[in-house]
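Guided by the hints, dock chain L onto chain F, whose structure is given.
In order, the protein sequence lines correspond to chains F and L.
Numbering-wise, the UniProt record's numbering puts 233 at position 233 of the first sequence, and it's gapless, one number per residue.
Numbering-wise, the UniProt record's numbering puts 131 at position 131 of the second sequence, and it's gapless, one number per residue.
Hint data in this document are derived by calculation from the structure and do not stem from the laboratory.
Remember, it's a predicted structure, so these values are computed and weren't measured experimentally.
Worth double-checking, as some hints may not be accurate.
As the list claims (entries may be wrong) - Calculated from the model, a selection of chain F residues having no Cβ within reach of chain L, i.e. all distances over 10 Å:
# : residue
1 : I135
2 : R201
3 : E272
Unchecked claim - So the derived label-pair ranges between C-beta atoms look like this:
# : chain 1 : residue 1 : chain 2 : residue 2 : range
4 : L       : A88       : F       : R228      : 29 to 35 Å
5 : L       : R156      : F       : A48       : 26 to 32 Å
6 : F       : D25       : L       : P14       : 44 to 50 Å
7 : L       : T223      : F       : R137      : 54 to 60 Å
8 : F       : A284      : L       : A88       : 57 to 63 Å
9 : F       : R137      : L       : L222      : 54 to 60 Å
Note that beta-carbon positions come from the ideal geometry of N, C-alpha and C, so glycine has one too.
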Amino acid sequence: MSITKLPHGPGVGYKPQHYAAILDDAAPVRWLEIHAENYTGAGGRPIAQLRHLAERFPISVHGVGLSIGGEGPLDPDHLARLKDLCDWLNPASFSEHLAWSTHDGAFLNDLLPLPYNAATLTRVADHIDALQDAIGRPMLLENPSSYLAFTDSTMSETEFLAEVSRRTGCGLLLDVNNVFVSATNLGLDARQYVADFPMDRVGELHLGGHDEDEDDHGAPLLIDSHGREVADPVWTLLDDVLARLGPAPLLIEWDTDVPDWPTLAAEARRGETALTRAANRVAA
Amino acid sequence: MTGQTGFHAALLDPSAPVPPGLTDGAGRAAGRRFAVYRNNVAVSLTEALIEGFPACHRLLGDDTFRGMAGAYLREHPPASPVMAQFGADLPGFLDAAPQLARMRWLADVARLEYGLRLSYHAADAVPLDGTALAAMAAEDLSASTFGLAPAMRLLRSDWPALSIWRKAMNPSAPQAANRPEDILIARPDYDPEPHLLMPGDAAFVAALSDGAPLGQVAEQALTAQPDHDTTRILGLLLQTGSLTPPQPETMP
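Chain L on its own, in the form it takes in the complex:
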């Protein structure tokens, strides 16, 4: 009898013997025929990680990335057949990897890459028309709340994760300066783009996403950063289609 538990365990452990009860067409032991399945599993999942985390792949180098991917796919195999979701645990795995102690920023590059992928598949939204906003009276604007596009994502890194990602994807990009970076992922149409945020912007976006009215949002950003430029971040959100129409006031 060859149960799937034994088959599964032997698939993921190249040193394990081929499970019993598997043969070629003449009744001889299956031998390397079993390796076809072993290879399909390891290679297809590794390729999925390379495709999903291209900057991490370049930063680690092919051999190191494949070695890491082999350990990852055994510890965190996909939990669903939707491969777009595979790799959700990779940032945490990289954070905890002892051999990557000198590359702690790599996990945030992985978070950025996974965030770009989630943004790519996120629901569409009708963006807010900026001209409608410009026509509003100041006090109405200040009392308005806004929605955020499902494809928009905010990422706060203790490292220059965006600069490192840009340099990995495009070697002629400037060298990363050693400082924390807040990143906005926005998807104007179908292609997600990361944007570097200024100090106070992340507080602004977080307050917006909590559903605070714009006046309060701007105050919170000013508390985080006294010279915060509300117009700039509002412009970025509008121009990338990240703001959705004002929400009607909801009664508590």
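Isolated chain F, as found in the complex:
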């Protein structure tokens, strides 16, 4: 069974302000991703738009709030919401993050980091088992963008993700911008990360823009802001990924300072070009 049902072409994160433009002419975009938490209401425009779009495009549901890396149990109410959404929408893919966002009943609206060791591995794998049981389908787990490291980590992120995937059967979502951001922030080699990544488990790629800041020592500190074009070195890193992976579903994320449709479509077109290059390499 294929690890993804999404088309091996460009997709974008769906924003309601692009609804009319997408229905008019979505090219080159072939699929859409929504944030699960924005579509758990009972009705109204969000649900009506999603129903309509789902008749025309494969939809990827991307959760941003389940807190898979949380110390506490998963929120059963939220699991039920995700199950309801997957039941009626029957999306082509469901993905979530290697991160936590809820603690002690409080949702913090950010993707927070966790150390990588035997204890956190067991916890994350248990939570993914629980989610996959609840929604009745395999999920893709996304690598985070990191701003700091933990002294009690005992394995690398790629080792951690590979082992979670092996234990739970989940696929992986490789966010190429996150690789670049984390590698820059933690002084790692992004190409080595890509070389170490279990590509046979990848069902989707993400690309987004980042902002540049500095830490206390004047070292670059990149912030995963999703508020601008994808940076050139991230496109270069994408070529490296595609050379190993071959063509794959490729998503452009642009969540803050959302641009007009032609600007977003131009980013998707750049992604399409990279995918075409990769396909030609495979064929050659």
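Just chain L now, with coordinates in the frame of chain F:
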């Protein structure tokens, strides 16, 4: 060891030291790297409140609203990842805020804004066709009960909450007169709109929502307001798609 309890507490308290066990890539203390997460949490939740309560934001001013939001998100962090539900406790928080003693009406403006948001996400309903209603015999009409659309909401304010909201959203709207206002939130298609109700209307809508037959509903409104205009409120409910088809009589 860096447990999430310590991480969580330090996220919400900017004066707290960075938790131990967090470093940069070279093993040096994480320092302001931790502030990225602190900032993400405070800014994203504050922005969510500004987006959800635009009139309150304008009425308080940006600095005051952000200060209030910072206190609110620490006292009442979201209880679920569904951000559409964030802010449910804001009206009560504003009611109790001592520094807002001279703006007691602000909590009702927040109730109106939160009500509009709940209406936006409420379940769809097939509205009652007004022509079917007009074709009914008077005694049948009087004995009929009606459903109300899930997106319809009734709000009773001791303040001119709707007029204050309108003026905040549109500076050319008339100045609010100092009197209580009853407000009906209705959602004809997908866009909720607030409507000012006349005296007796709120009793009418409340009786309808209790499932009373129309004749009894009209009587209760007349008790609340002797010159109550049943036709007007019925027209408003019909025209905004707030009435749903007559319910079959249920046996006790």
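To see whether the hints hold, each was checked on the structure:
1. With a least CB separation of 15 Å from chain L, I135(F) remains clear of the 10 Å interface cut-off, as annotated.
2. At roughly 26 Å, the least C-beta separation between R201(F) and chain L is larger than 10 Å, which holds for a residue marked as non-interface.
3. With a cut of 10 Å on Cβ distances, E272(F) stays outside the contact zone with chain L, its closest approach being about 31 Å.
4. Separation of A88(L) from R228(F) is about 33 Å and conforms to the stated range, judged on CB atoms against 29 to 35 Å.
5. Look at R156(L) against A48(F): about 30 Å separates their beta carbons, and that is inside 26 to 32 Å.
6. Against the hinted window of 44 to 50 Å, the Cβ-Cβ separation of D25(F) and P14(L) comes to about 47 Å, which satisfies the hint.
7. For T223(L) paired with R137(F), a C-beta distance near 56 Å keeps the hint of 54 to 60 Å intact.
8. Taking 57 to 63 Å as the suggested C-beta distance range, the pair A284(F) and A88(L) conforms, at roughly 58 Å.
9. Separation of R137(F) from L222(L) is about 57 Å and conforms to the stated range, judged on CB atoms against 54 to 60 Å.
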